[in-house]
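Enquirer: Chain by chain, the residues:
There are 2 protein chains.
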Amino acid sequence: MNQVRIGIIGMGNMGTIHAKSLLNEEIEGAKLTAVLEVRKERLEDLQENLGDDIKVFADEDAFLKSGSVDAVLIATPHYDHASLAIKAFKHRLHVLCEKPVGVYTKQVREMNEAAKSSNLTFSVMYNQRTNPVYQKVRDLIQTNELGEIRRINWLITSWYRAQSYYDSGGWRATWAGEGGGVLINQCPHQLDLWQWMTGMMPTRMRAFCYFGKHRNIEVEDDVTAFTEYENGATGVFITSTGEAPGTNRLEISGDRGKIVVEDNKLTFWRLRVPEPEFNKDYKGGFGSPETWKCELPVEGVETGHKGITQNFVDAIRKGTPLLAPGEEGILGLTLSNAMQLSTWEDDWVTFPIDEDLYYHHLQEKIKNSTMVKHNHHIVLNVEGTH
Amino acid sequence: MNQVRIGIIGMGNMGTIHAKSLLNEEIEGAKLTAVLEVRKERLEDLQENLGDDIKVFADEDAFLKSGSVDAVLIATPHYDHASLAIKAFKHRLHVLCEKPVGVYTKQVREMNEAAKSSNLTFSVMYNQRTNPVYQKVRDLIQTNELGEIRRINWLITSWYRAQSYYDSGGWRATWAGEGGGVLINQCPHQLDLWQWMTGMMPTRMRAFCYFGKHRNIEVEDDVTAFTEYENGATGVFITSTGEAPGTNRLEISGDRGKIVVEDNKLTFWRLRVPEPEFNKDYKGGFGSPETWKCELPVEGVETGHKGITQNFVDAIRKGTPLLAPGEEGILGLTLSNAMQLSTWEDDWVTFPIDEDLYYHHLQEKIKNSTMVKHNHHIVLNVEGTH
Numbered sequence: 001m002n003q004v005r006i007g008i009i010g011m012g013n014m015g016t017i018h019a020k021s022l023l024n025e026e027i028e029g030a031k032l033t034a035v036l037e038v039r040k041e042r043l044e045d046l047q048e049n050l051g052d053d054i055k056v057f058a059d060e061d062a063f064l065k066s067g068s069v070d071a072v073l074i075a076t077p078h079y080d081h082a083s084l085a086i087k088a089f090k091h092r093l094h095v096l097c098e099k100p101v102g103v104y105t106k107q108v109r110e111m112n113e114a115a116k117s118s119n120l121t122f123s124v125m126y127n128q129r130t131n132p133v134y135q136k137v138r139d140l141i142q143t144n145e146l147g148e149i150r151r152i153n154w155l156i157t158s159w160y161r162a163q164s165y166y167d168s169g170g171w172r173a174t175w176a177g178e179g180g181g182v183l184i185n186q187c188p189h190q191l192d193l194w195q196w197m198t199g200m201m202p203t204r205m206r207a208f209c210y211f212g213k214h215r216n217i218e219v220e221d222d223v224t225a226f227t228e229y230e231n232g233a234t235g236v237f238i239t240s241t242g243e244a245p246g247t248n249r250l251e252i253s254g255d256r257g258k259i260v261v262e263d264n265k266l267t268f269w270r271l272r273v274p275e276p277e278f279n280k281d282y283k284g285g286f287g288s289p290e291t292w293k294c295e296l297p298v299e300g301v302e303t304g305h306k307g308i309t310q311n312f313v314d315a316i317r318k319g320t321p322l323l324a325p326g327e328e329g330i331l332g333l334t335l336s337n338a339m340q341l342s343t344w345e346d347d348w349v350t351f352p353i354d355e356d357l358y359y360h361h362l363q364e365k366i367k368n369s370t371m372v373k374h375n376h377h378i379v380l381n382v383e384g385t386h
Numbered sequence: 001m002n003q004v005r006i007g008i009i010g011m012g013n014m015g016t017i018h019a020k021s022l023l024n025e026e027i028e029g030a031k032l033t034a035v036l037e038v039r040k041e042r043l044e045d046l047q048e049n050l051g052d053d054i055k056v057f058a059d060e061d062a063f064l065k066s067g068s069v070d071a072v073l074i075a076t077p078h079y080d081h082a083s084l085a086i087k088a089f090k091h092r093l094h095v096l097c098e099k100p101v102g103v104y105t106k107q108v109r110e111m112n113e114a115a116k117s118s119n120l121t122f123s124v125m126y127n128q129r130t131n132p133v134y135q136k137v138r139d140l141i142q143t144n145e146l147g148e149i150r151r152i153n154w155l156i157t158s159w160y161r162a163q164s165y166y167d168s169g170g171w172r173a174t175w176a177g178e179g180g181g182v183l184i185n186q187c188p189h190q191l192d193l194w195q196w197m198t199g200m201m202p203t204r205m206r207a208f209c210y211f212g213k214h215r216n217i218e219v220e221d222d223v224t225a226f227t228e229y230e231n232g233a234t235g236v237f238i239t240s241t242g243e244a245p246g247t248n249r250l251e252i253s254g255d256r257g258k259i260v261v262e263d264n265k266l267t268f269w270r271l272r273v274p275e276p277e278f279n280k281d282y283k284g285g286f287g288s289p290e291t292w293k294c295e296l297p298v299e300g301v302e303t304g305h306k307g308i309t310q311n312f313v314d315a316i317r318k319g320t321p322l323l324a325p326g327e328e329g330i331l332g333l334t335l336s337n338a339m340q341l342s343t344w345e346d347d348w349v350t351f352p353i354d355e356d357l358y359y360h361h362l363q364e365k366i367k368n369s370t371m372v373k374h375n376h377h378i379v380l381n382v383e384g385t386h
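Sequence order for the protein chains is R and V.
Here our numbering is used: the first residue of the first sequence is 1, the next is one more, and so on.
Here our numbering is used: the first residue of the second sequence is 1, the next is one more, and so on.
Looking at chain R on its own, in the form it has when it is part of the complex (with noise of 0.2 Å):
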């Protein structure tokens, strides 16, 4: 295939940033032939901005019928993920999905199933794994530099968003729109890097979310979250929308060193040599291994949403691996589920996760929703967001 050519379903704010560089021609081997966007009060201005080599589709299925594109790039509200997927993969179309690839797992389950038997390719908008830093975390991890993990402890709360970002759009924060919060919305790409960087989904989890506790909304603004794993090891995960200045330090130690990872700064204490070694010989009183601070090498710099959807090009036109296939997005929305499902059962949530228990407090949820918002439809500018 010379050139892919890509549909963009959802010009809202992250649609719009892929269009932008598609039309930059900022994606070798790819251009932008069609859009669908269902808001037809939207087309016309669409339809002008695009110019008329793109085709500005209001029809799910004229569009996916049309023939205009190889490949999809899905940047709807989340529920729509899922469905639209599997529907691009009937048409034989290429998938590369926002995160969240879905609200439920049972959903995801479904796509990831269409996937498969496709064949085709699909991904996932995990850009946050195109970081160096976190690449590197998974390298010393995976190459056993590490030892065996001990304890992992992620302070990720520096997704402080206002009440005005809330009110800019119906579907946010609601059960129906978007069926959660900041585990659905800003955290995906750490619940999947938490799972990526270390190899490990836990056997059991009791997490504590609060819902509406900073804004007025009606899902989850505030989490701490506890994982055990298989290993022994275990997990600390916090966030919340409602904290200024925010944190973002994440830790994960071993037996053989600690390694930290904050404002994008790595650091690397190696013990010279491993702890249960040093356990084993050692007869005084208080001492410790000894540690060296290591200074490493972070090479490469972070293509974040061109380079996914570089990478997903590649991988249609040359099959280059890809960087985030799509059937891992259901690891970190595992993650996700289990911390509100955990809450809701106020008890342990054990690995895999009762997916249909899930889905049935979510759709009580909803249906007990209170929360009506104008449909706004505010298109924010979304720059240095992730």
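Incorrect hints may appear among the rest.
When chains are identical, the list treats them as one kind, so a pair holds in a single copy or across two.
As a list, the in silico EDC-like pairs of lysine to aspartate or glutamate whose alpha-carbon atoms are at most 20 Å apart [what the hints assert, rightly or not]:
| hint | residue 1 | residue 2 |
| --- | --- | --- |
| 1 | 55 | 314 |
| 2 | 106 | 290 |
| 3 | 40 | 61 |
| 4 | 367 | 356 |
| 5 | 265 | 314 |
| 6 | 55 | 41 |
| 7 | 213 | 230 |
| 8 | 293 | 263 |
| 9 | 106 | 44 |
| 10 | 20 | 44 |
| 11 | 306 | 26 |
| 12 | 365 | 228 |
| 13 | 213 | 277 |
| 14 | 213 | 148 |
| 15 | 293 | 262 |
| 16 | 213 | 228 |
I should point out that these hints are in silico values taken from the structure, not numbers from a laboratory.
The structure displayed is predicted, hence computed values, not measured ones.
Following the hints, position chain V against chain R.
Expert: Same frame as chain R, now just chain V:
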């Protein structure tokens, strides 16, 4: 009183340190006049080392009735702290008690009542309250510079202890000997500072203790605790004796900024306008309050054990207010008891905690203990410990 005559009860690791300070005349207005040591095999050495001016007692009653001391410094294993303090008050002796003030709050409550009715001076060896950094944090909170507290996060995993440490004393890390592990032995300082700096005790807690996870011991050596406060704030406290290199990082977030203490260095971020005010006025999408990273003077030096002892002596001699009143020892201990209790019940613990239930659990642990240790009584070199 010209000079306070002090008797030390328990000449183990800490008792020996305190004796040295007194003998070296490092505490103004106080002198060591007697010691009580129940381990008969140590008496001869003690008398030889201390010289003829210091009376060495093996019998508790004889020591308390001797008339040779005005005040006692209790440095025995924890279980005996409260009962010894109660006896000392009965003999009209002032009491400076090593941390923790006791093992279970029921016992400590009785001690506090005895102290109160005695009108004698009662202090606890919370030497980290003399650290100007923590004093500054307390100051920033008490004067509302930080605003309403929203989150407290303390990662205190720098209490590394090898197996040899636990093997060095028969009472160490057993239910019968210490009544706990990292919470009762290493963490009393942080548990105290946690409530002392913030002025807040939780309304409820959910904690996850692991017993003998890293070492061959029966008590907890790894803990994660989650707390809720009346004002809506939450907290996380994480500790371990099995990690290297450990971390000691405290973060307190308020609605006017954020404090971080790491490596004994305080950093304060101040919001130009309080967060609720920003949130009310802001009309944009992704903005957050203007934040100033401030450099604050932190004055004074950490006087440590000697500082607390000096303050205790000054309180007796001159009525100087106590920096660490003994009655406050119960607060940190309550946090510690609550963490174990929540784990044992595998449920939330609400405050005030069920002291009888805690006591019942503890007795069961003691009864069912299979941990038999050889009673080494090795005196460790504790220079540089806390």
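Enquirer: Which holds for residue 213 with residue 228 at a C-alpha limit of 20 Å: within a copy, between copies, both or neither?
Expert: So residue 213 and residue 228 pass the 20 Å test across copies only (13 Å; inside, 26 Å).
Enquirer: Up to 20 Å between alpha-carbons, please classify residue 213 paired with residue 277: within, between, both or neither.
Expert: between (46 Å within a copy, 16 Å between copies)
Enquirer: If the cutoff is 20 Å on CA atoms, where do residue 20 and residue 44 land: within, between, both or neither? Let me know, please.
Expert: Result: close within a single copy only, 18 Å intra versus 86 Å inter.
Enquirer: When no copy is named, should residue 365 and residue 228 be tagged within, between, both, or neither for a Cα gap of at most 20 Å?
Expert: neither (28 Å within a copy, 24 Å between copies)
Enquirer: Within a copy, between copies, both or neither: which one fits residue 213 and residue 148 at a CA-CA cutoff of 20 Å?
Expert: Between copies only: 14 Å across, 37 Å inside.
Enquirer: Under a CA distance limit of 20 Å, which applies to residue 40 and residue 61: within one copy, between copies, both, or neither?
Expert: Answer is within: at 15 Å inside a copy they meet the 20 Å cutoff, but 92 Å across does not.
Enquirer: Using 20 Å as the alpha carbon limit, work out where residue 293 and residue 263 are close: within a copy, between copies, both or neither.
Expert: both (18 Å within a copy, 14 Å between copies)
Enquirer: Go through the copies and call it for residue 213 and residue 230: within, between, both or neither, with a Cα cutoff of 20 Å.
Expert: Between copies only: 13 Å across chains, 33 Å inside a chain, cut-off 20 Å.
Enquirer: Please work out whether the CA atoms of residue 55 and residue 314 approach to 20 Å or closer within one copy, between two copies, in both situations, or in neither?
Expert: neither (24 Å within a copy, 85 Å between copies)
Enquirer: Quick one: residue 106 to residue 44, C-alpha cut-off 20 Å, is that within a copy, between copies, both, or neither?
Expert: neither (37 Å within a copy, 75 Å between copies)
Enquirer: Check residue 106 against residue 290 for me: Cα-Cα at most 20 Å, and say if that holds within a copy, between copies, both or neither.
Expert: neither (48 Å within a copy, 42 Å between copies)
Enquirer: 20 Å Cα cut-off: does residue 265 pair with residue 314 within a copy, between copies, both or neither?
Expert: This pair counts as neither: shortest intra-copy Cα distance 29 Å, inter-copy 48 Å.
Hint compliance for this structure: hints 1, 2, 5, 9, 12 are not met, and every other hint is.
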